[in-house]
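Asks: The residues making up each chain are set out below.
Number of protein chains: 2
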Amino acid sequence: MTTRVEIWTDINCPFCYLGKARFEQALSGFEHRDDIEVVHRSFELDPALPATESGPVIPHIAAKYGIDVEQAAANERAIGAQAHALGLPYRTSGRDYGNSFDMHRLLHFALDQGRQDALLDALYAANFAEEAPAFADTERLVAVATGAGFDETAVRAVLADPHAYAEAVRQDEREAAQLGATGVPFFVFDGKYAVSGAQPTEVFTQALTTAWNDRPAPVVLAADDTTCGPDGCAV
Amino acid sequence: MTTRVEIWTDINCPFCYLGKARFEQALSGFEHRDDIEVVHRSFELDPALPATESGPVIPHIAAKYGIDVEQAAANERAIGAQAHALGLPYRTSGRDYGNSFDMHRLLHFALDQGRQDALLDALYAANFAEEAPAFADTERLVAVATGAGFDETAVRAVLADPHAYAEAVRQDEREAAQLGATGVPFFVFDGKYAVSGAQPTEVFTQALTTAWNDRPAPVVLAADDTTCGPDGCAV
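First to last, the protein sequences are chains A and B. 56 is the number that numbering that gives the first Met the number 0 gives to position 57 of the first sequence; each next residue is one higher, with no gaps. 158 is the number that numbering that gives the first Met the number 0 gives to position 159 of the second sequence; each next residue is one higher, with no gaps.
Mixed in with the good hints there might be a few duds.
With a straight-line Cα cutoff of 20 Å, these simulated DMTMM-like cross-link-like pairs (lysine to aspartate or glutamate) come out [stated by the list, open to error]: (1) B:K191 with A:D223; (2) B:K63 with A:D213; (3) A:K63 with A:D95; (4) B:K191 with A:D95; (5) B:K191 with A:D34; (6) B:K63 with B:E52.
Calculated from the structure, these hints are not laboratory results.
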């Protein structure tokens, strides 16, 4: 029996970027890591932002939460220091804010391709580590996705059709609400255990261990002889 | 919360072919079908068969189980009649037996591509409905996979490397043994409920309902303020 970890995340969310790295540290040291399946789920921090607008995050945050720009910049530097401590690149002076809906649609496309993790890493790098703004720019998004190995024609087709994977994003967001997740990152293990926040690596190790050890033998609801086994098929 | 169904199967197994169709009938009528995830798992009925050998299944079964050829042919017709009742094509006179390990390796490759179901349907059709033998013929397997939309170069690379996805097949088989599955098809719902055999559609509907209704709220193991929400990120 595998254990399945679902991680609700937003590309805008620096704690999601940190949390992913800490979870992966725990996973890489976990004895049964080859039997752990990870799926990334969608959670937009600010779904009301217009899709065509973007701008520097520091003045945006300062204005949105009524703090001064110096405080917003200091907060960004504090998160950057935590990222650097994990070995993650982080430009503390430069990232943008923006609407992430198209990114989440692409993450569901990537899930269908079996390569969701590669795209999420590329999106995080584009937002937190690279100079060019990551939001409100279709060509930039195409470049990020193709840089992560996705087919350009397929990526453009997803981005050109606003319905493509839109319901999958909304479904993830409804599920987050049902689970009581009001912020991200939010980790759910086999639907049974949750961890909220960019917790220390040891917390993720403990959660993986707890979920792994709590995989009960399934209850057999029905069994008859319409099976084939080493001794053939009953007819 | 989605519900996850894992189905252990072999391409050699006619009850797996029937069981997949009956499960899919139940799924198509299930209210929450969009939140059900299906994964096919490997189970070889006869792993000791040489990979390079194949032949008509009826005399093979007659010899293997010490029944006469007429009885083996009658059994095959009886299974064919059940398939036809489900609308499934089935050539009762012609399928081959053979080693399915390479097929299972390709099913894991297809899982990584997010298109496992399409390949399994194509493999079942090749074995149960089409005239050309499906086993012990790499070119035939390449044709089946490319016919199902997979990239020929990638398929050939998997088939040429005997280690590719081999451990994933073995892992599925160990897990089946741990679960007590001695025959296939074997269906496991969220790791909690099992159905053995090509059961009637209603049994699968009931199992889906039982598993769906038994998705408890997860226990929160850890939560702190290292999250971002609609009101920003705590720093």
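Asks: Next, verify each hint and record whether it holds.
Replies: Evaluation of the provided hints:
no.: 1; hint: B:K191 with A:D223; verdict: holds, 19 Å
no.: 2; hint: B:K63 with A:D213; verdict: violated, 41 Å
no.: 3; hint: A:K63 with A:D95; verdict: holds, 14 Å
no.: 4; hint: B:K191 with A:D95; verdict: violated, 44 Å
no.: 5; hint: B:K191 with A:D34; verdict: holds, 17 Å
no.: 6; hint: B:K63 with B:E52; verdict: holds, 15 Å
Consistency note: the structure conflicts with the earlier hints numbered 2, 4.
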